[in-house]
Amino acid sequence: MKKMSKTTKDNMITYLMVILIFIVVQILTSTGNVSSLLQGLLVPLCAYIILAVSLNLTVGILGELSLGHAGFMCVGAFTSAFFSKCAMEAIPVTGLRYFIALLIGAAAAGACGILIGIPVLRLKGDYLAIVTLAFGEIIKNIVNVLFIGKDENGFHFSTKDSLSLGLEDGGKVIINGPQGITGTPKDSTFIIGVALILVTLFIVLNLMHSRSGRAIMAIRDNRIAAESVGINITKYKLMAFSISAALAGVAGVIYAHNLATLTAQPKNFGYNMSIMILVFVVLGGIGNMRGSIIAAIILTLLPELLRSLSDYRMLIYAVVLIVMMLFNWSPKAIEWREKFSAKFRRGKNKSAKEAA
Amino acid sequence: MSFISYLINGISLGSVYAIIALGYTMVYGIAKMLNFAHGDVIMIGAYVVMTAIAGAGMPPLLAVLLAVIFCTVLGVVIESVAYRPLLNAASSLAVLITAIGVSYLLQNVALLIFGANTKSFSSVVPVPALALAGGALTISGETIVTIASCIVIMIGLTLFIKKSKAGQAMLAVSEDKGAAQLMGINVNGTIALTFAIGSALAAVAGVLLCSAYPSLTPYTGAMPGIKAFVAAVFGGIGSIPGALIGGILLGVIEIFGKAYISSQMADAIVFGVLIIVLIVKPTGILGKNIQEKV
Numbered sequence: 001m002k003k004m005s006k007t008t009k010d011n012m013i014t015y016l017m018v019i020l021i022f023i024v025v026q027i028l029t030s031t032g033n034v035s036s037l038l039q040g041l042l043v044p045l046c047a048y049i050i051l052a053v054s055l056n057l058t059v060g061i062l063g064e065l066s067l068g069h070a071g072f073m074c075v076g077a078f079t080s081a082f083f084s085k086c087a088m089e090a091i092p093v094t095g096l097r098y099f100i101a102l103l104i105g106a107a108a109a110g111a112c113g114i115l116i117g118i119p120v121l122r123l124k125g126d127y128l129a130i131v132t133l134a135f136g137e138i139i140k141n142i143v144n145v146l147f148i149g150k151d152e153n154g155f156h157f158s159t160k161d162s163l164s165l166g167l168e169d170g171g172k173v174i175i176n177g178p179q180g181i182t183g184t185p186k187d188s189t190f191i192i193g194v195a196l197i198l199v200t201l202f203i204v205l206n207l208m209h210s211r212s213g214r215a216i217m218a219i220r221d222n223r224i225a226a227e228s229v230g231i232n233i234t235k236y237k238l239m240a241f242s243i244s245a246a247l248a249g250v251a252g253v254i255y256a257h258n259l260a261t262l263t264a265q266p267k268n269f270g271y272n273m274s275i276m277i278l279v280f281v282v283l284g285g286i287g288n289m290r291g292s293i294i295a296a297i298i299l300t301l302l303p304e305l306l307r308s309l310s311d312y313r314m315l316i317y318a319v320v321l322i323v324m325m326l327f328n329w330s331p332k333a334i335e336w337r338e339k340f341s342a343k344f345r346r347g348k349n350k351s352a353k354e355a356a
Numbered sequence: 357m358s359f360i361s362y363l364i365n366g367i368s369l370g371s372v373y374a375i376i377a378l379g380y381t382m383v384y385g386i387a388k389m390l391n392f393a394h395g396d397v398i399m400i401g402a403y404v405v406m407t408a409i410a411g412a413g414m415p416p417l418l419a420v421l422l423a424v425i426f427c428t429v430l431g432v433v434i435e436s437v438a439y440r441p442l443l444n445a446a447s448s449l450a451v452l453i454t455a456i457g458v459s460y461l462l463q464n465v466a467l468l469i470f471g472a473n474t475k476s477f478s479s480v481v482p483v484p485a486l487a488l489a490g491g492a493l494t495i496s497g498e499t500i501v502t503i504a505s506c507i508v509i510m511i512g513l514t515l516f517i518k519k520s521k522a523g524q525a526m527l528a529v530s531e532d533k534g535a536a537q538l539m540g541i542n543v544n545g546t547i548a549l550t551f552a553i554g555s556a557l558a559a560v561a562g563v564l565l566c567s568a569y570p571s572l573t574p575y576t577g578a579m580p581g582i583k584a585f586v587a588a589v590f591g592g593i594g595s596i597p598g599a600l601i602g603g604i605l606l607g608v609i610e611i612f613g614k615a616y617i618s619s620q621m622a623d624a625i626v627f628g629v630l631i632i633v634l635i636v637k638p639t640g641i642l643g644k645n646i647q648e649k650v
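Top line first, the protein sequences correspond to chains A and B. According to the working numbering, the first sequence is numbered sequentially starting from 1. According to the working numbering, the second sequence is numbered sequentially starting from 357.
Chain A extracted, bound-state conformation (with noise of 0.2 angstroms):
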């Protein structure tokens, strides 16, 4: 323990607290104190959590605006459920089946964020953004007018209808246009997920400290000096790019395997997902990753909690974000802040002066 590096500990306290809050979860089930709506939104939290740690390697590490995060999580979770679906039969066992959507999710994820990072990395700020969320929209809706069916004669493939597919009898439609896809098997669990978010924080926390992560934050501080030092700027923004995209594509996989029916809509894959996702990144501070675990939880959770209020719980949410964000970022709140905190501090001082 003497030995650790402060990196190290301080990575320690993320792993830890991953893991106290799964042990916190458990117990407060296996009492019963958690409600079926809560539980129901677990296994989607863990996958929220893995998105705003991954994107958090995009907006924090490598400094670049994306706004498309959640294609990248459509295309993981369409890629694994059609996987899940075609092997249903092929691989009875739930866990190598898993894995194995686990790994297409991610890859295909992986090669759309290398796909796209290729021309569109060249752009910066803004524009970079208006771009990733133009690839979020674009995926959203090829999915919804993608048909893909399955008979003896292998795969058909049509953009208008499922009767245009040409089926031979017995053949099944699986990816059925805005229908999506229907009956991907259940594998998610809550306890895959949070094993998920600590292997995605392992390797994100290993990325950012290690030679790579360095050579990103470089190019991220000041691009042009990187260069001058002999950093291969796209190498490297295409790196934490397309990890950023690969991670996010597991969450897709998470996502995907825990819904009966997994349809394209603006609520899941459009860009409002997106948004949301950068919320977490923001508010839980940008480049900290145990921050954006923190506020993935807090915001998942905060309109169920306030379920009772129905209708305001919206505008709540809104008002919350906003009173929020004033309070964290706004240059006279900080300095507010610092001055309570500065005479807050002096007071204990004062105090412990008259006690000795």
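Among these hints, one or two may not hold up.
Some chain A residues flagged as far from chain B (calculated, every beta-carbon gap over 12 angstroms) [what the hints assert, rightly or not]: (1) Asp10; (2) Val25; (3) Gln26; (4) Asn33; (5) Ala87; (6) Thr132; (7) Ala195; (8) Ser210; (9) Arg211; (10) Asn268.
The list that follows gives simulated cross-link-like pairs (lysine to aspartate or glutamate, DMTMM-like), each with its CA atoms no further than 25 angstroms apart [said to hold, decoys possible]: (11) B/Lys475 with A/Asp311; (12) B/Lys533 with A/Asp221; (13) A/Lys267 with A/Glu89.
Bear in mind the hints are in silico, worked out from the structure with no lab data behind them. No residue lacks a Cβ here, since even glycine has one placed at the ideal position from N, Cα and C.
Mind docking chain B on chain A? Use the hints.
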């Protein structure tokens, strides 16, 4: 003939996008922030007109005027309460997230007052449809008014910025805030004025949009808002003629995509073209390419 009628419809839709995009582009030029709540101001403007006509029995023109005033005040209030404290924040993302919060707030206020049901919006345009080429081509009154208002607004705004003192102040603030302040320009006042103009335009756009597509829900403004934002980026964000070109191109592409390729894929086509344009010309069609200095 159908080609021309699609083209006119596209220009009409594009004019609405252009008017909304102006709000985005002006605010971005001056405050360097993406005002995500802009689309929702459109929706509020449309609701105000609807309530004024159906509830209070106002004549349409007066109702539109009321909506413009209401949205102007709303824009200034939003700017001073939610955005101004954060304009000098350490991260430019802070004000973006606050704008998203404001957007949620406006949507939910509308949801509480008017309910989630789709309201039908009766057109406020008194101009009759125009039949051309012996009835083979009809141009609806809404289309004429939309295109005409877009032209008037563009000319008016360009003159305002080029000729008036306040317009010159806006240009100065967008170039260099600090230097503008040293020249005695009221920077906060100028930013507030920009928000006021942008929000007033949003109200006009809301009325035009809902006259052409007569259904109104609390989420009506979100998608046109995003598309207008795309249009602003398309034309080069911060540039006023850019907003016009971007808006009209976007509208035409959308209508043509719907008519000739696939109605479900229209949005994907619009966004796909955007990506291609930005890859070829990273600062948009009329955007200035500023070289980085070391």
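Hint numbers contradicted by this structure: Hints 6 and 13 are the ones this structure does not satisfy, whereas the remaining hints hold.
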